[in-house]
Amino acid sequence: MQFFGGSEISPSPPAPTASGNNGHMMYVFNRNGVCLLYREWNRPLRTLDAQQDQKLMFGLLFSLKSLTAKMDPTSAVEKGNLGMPQLPGQGCSFHSFRTNTYKLSFMESPSGIKIILVTHPRTGDLRESLKYIYNLYVEYVVKNPLYTPGSPIRCELFNTTLDQYVRGIS
Amino acid sequence: MVREVSESCVDSLLTEMVACYCNRFYANKPELAARRIEAIGYQVGHQLSERYTMERPRFTDHLEAIKFICKDFWSELFKKQIDNLKTNHRGTFVLQDNKFRWLARMSIDPSTDNVSPLEDITSPTAESKAAQAMSMHLYFPCGIIRGALSNLGIPCAVSADISNLPACSFVVRIKA
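Listed in order, the protein sequences are those of chains A and B. Position 145 of the first sequence, counting from 1, maps to 145 under the UniProt record's numbering, and the rest follow consecutively. Position 4 of the second sequence, counting from 1, maps to 4 under the UniProt record's numbering, and the rest follow consecutively.
Simulated from the structure, these hints should not be mistaken for lab results. Don't take every hint at face value.
Result set (SDA-like, lysine to any residue): computed pairs, CA atoms no more than 25 angstroms apart in a straight line [stated by the list, open to error]:
id : chain 1 : residue 1 : chain 2 : residue 2
1  : A       : 131       : B       : 19
2  : B       : 99        : A       : 53
3  : B       : 99        : A       : 134
4  : B       : 29        : A       : 136
5  : A       : 143       : B       : 85
6  : B       : 79        : A       : 139
7  : A       : 143       : B       : 135
8  : A       : 143       : B       : 166
9  : A       : 131       : B       : 30
10 : B       : 71        : B       : 85
11 : B       : 79        : A       : 149
12 : B       : 80        : A       : 149
13 : A       : 70        : B       : 157
14 : B       : 79        : A       : 136
15 : A       : 143       : B       : 78
So these bits of chain B aren't anywhere near chain A, every CB distance computed over 10 angstroms [claimed, not checked]:
id : residue
16 : 40
17 : 90
18 : 106
19 : 107
20 : 130
21 : 151
22 : 161
23 : 164
Covered by chain B, according to a simulated footprint, are these stretches of chain A (three or more residues, beta-carbon under 8 angstroms) [said to hold, decoys possible]:
id : stretch
24 : 143 to 152
25 : 155 to 161
Just so you know, even glycine gets a beta-carbon here, dropped at the ideal spot from N, CA and C.
So here's chain A without its partners, still in its complex pose:
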């Protein structure tokens, strides 16, 4: 019997190619709206304090999720009222939006972990990259015996691996 099951981290998905470091900032929220992680790589202008910023971001995601599910023209399921919380994975969900100055990519896991990555507007589809970041979260945070679930992420291994990966996203 072996204490082994091959849970090595899968190789990084190929990131779309362009030049320079395109990652601006990243948020990780749990299902209760607690911001577990906020990382910043390129954010010259900050207009809000951290707590307001995180509340606003979580509120935006909540509203956008509700709106996209409500507007879904293909689903015949009873949609409930706008703003009604949905289970992770339920209904349709957006994965990104783009403005003239940035692109916001979003992913939610079945356990309610939300990963938000804000990048340069010309960045390509980052769904695979977000999955990979979630994989890093599972490997280096969830499996870290020193981490208490629900508390802010303070795992050096996760932070360094994440930094390295996001700097490579283009």
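Given the coordinates of chain A, assemble chain B onto it according to the supplied hints.
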């Protein structure tokens, strides 16, 4: 066909076992918690060595038994051998695993920029707490080694050193 156990499952089980003994059963008695965790490791090592030496002839000396732990036993457990073995030829052996699987994901962030005001991660208490938590996870593998060697007729004491993570050195002192 080799039977395998999910690594994630074992990792979680080990984490939970240590957490239970340290935070619930013996919350205020870390020495007792350590002893219990080591005792569980001892039983596991004892049984595993019985299983992995089934087809082997008896070991002629201590070094042969230690080499078995470093190569075959470690390979069965972690699909890799011990990276380095040293001895002083007076009953002390140092087994070094350069990337010990059960420590590979263990880390805390030493920086202060993302610390809550209530808890300073760089304070000596927080640092020593983290070190203590890490060392608690080493009593189980130490117990496994001690149990395996004990079953091979070698009574010993086993301790661990994690001064340069994720490398881990296990010091085996054979009792005369």
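Separation of residue 106(B) from chain A, once the least beta-carbon distance is taken, above 10 angstroms: 6 angstroms, violated
Regarding the assertion that residue 40(B) does not contact chain A, is the least Cβ-Cβ distance greater than 10 angstroms? Fine: 14 angstroms to the nearest Cβ keeps residue 40(B) off the interface.
Does residue 136(A) lie within 25 angstroms of residue 79(B) when you go C-alpha to C-alpha? Holds, at about 22 angstroms.
With the threshold set at 25 angstroms, check whether the alpha-carbon distance from residue 29(B) to residue 136(A) stays at or below it. The hint is violated at about 34 angstroms.
Verify this label for me: residue 161(B) is non-interface relative to chain A, using a Cβ-Cβ cutoff of 10 angstroms. Check passes; 18 angstroms lies beyond 10 angstroms.
Are residue 71(B) and residue 85(B) close enough, with their CA atoms no more than 25 angstroms apart? Status holds; Cα separation ~10 angstroms.
Taking the minimum C-beta separation from residue 107(B) to chain A, is that value above 10 angstroms? Its Cβ does come within 10 angstroms of chain A, the nearest being 4 angstroms, so this is violated.
Going straight from one Cα to the other, do residue 143(A) and residue 78(B) come out at no more than 25 angstroms? 17 angstroms, holds
Separation of residue 90(B) from chain A, once the least beta-carbon distance is taken, above 10 angstroms: Residue 90(B) is indeed farther than 10 angstroms from all Cβ atoms of chain A, at 32 angstroms.
If you draw a straight line from the CA of residue 80(B) to the CA of residue 149(A), is it 25 angstroms or shorter? 31 angstroms, violated
CA of residue 79(B) to CA of residue 149(A), is that 25 angstroms or under? Violated - the C-alpha atoms of residue 149(A) and residue 79(B) are around 29 angstroms apart, more than 25 angstroms.
Could you grab the alpha-carbon distance between residue 99(B) and residue 134(A) and see if it respects the 25 angstroms cut-off? OK: residue 99(B) and residue 134(A) at ~23 angstroms, within 25 angstroms.
Comparing the model with each earlier hint shows violations of hints 1, 2, 4, 5, 9, 11, 12, 13, 18, 19 and 20; every other hint is respected.
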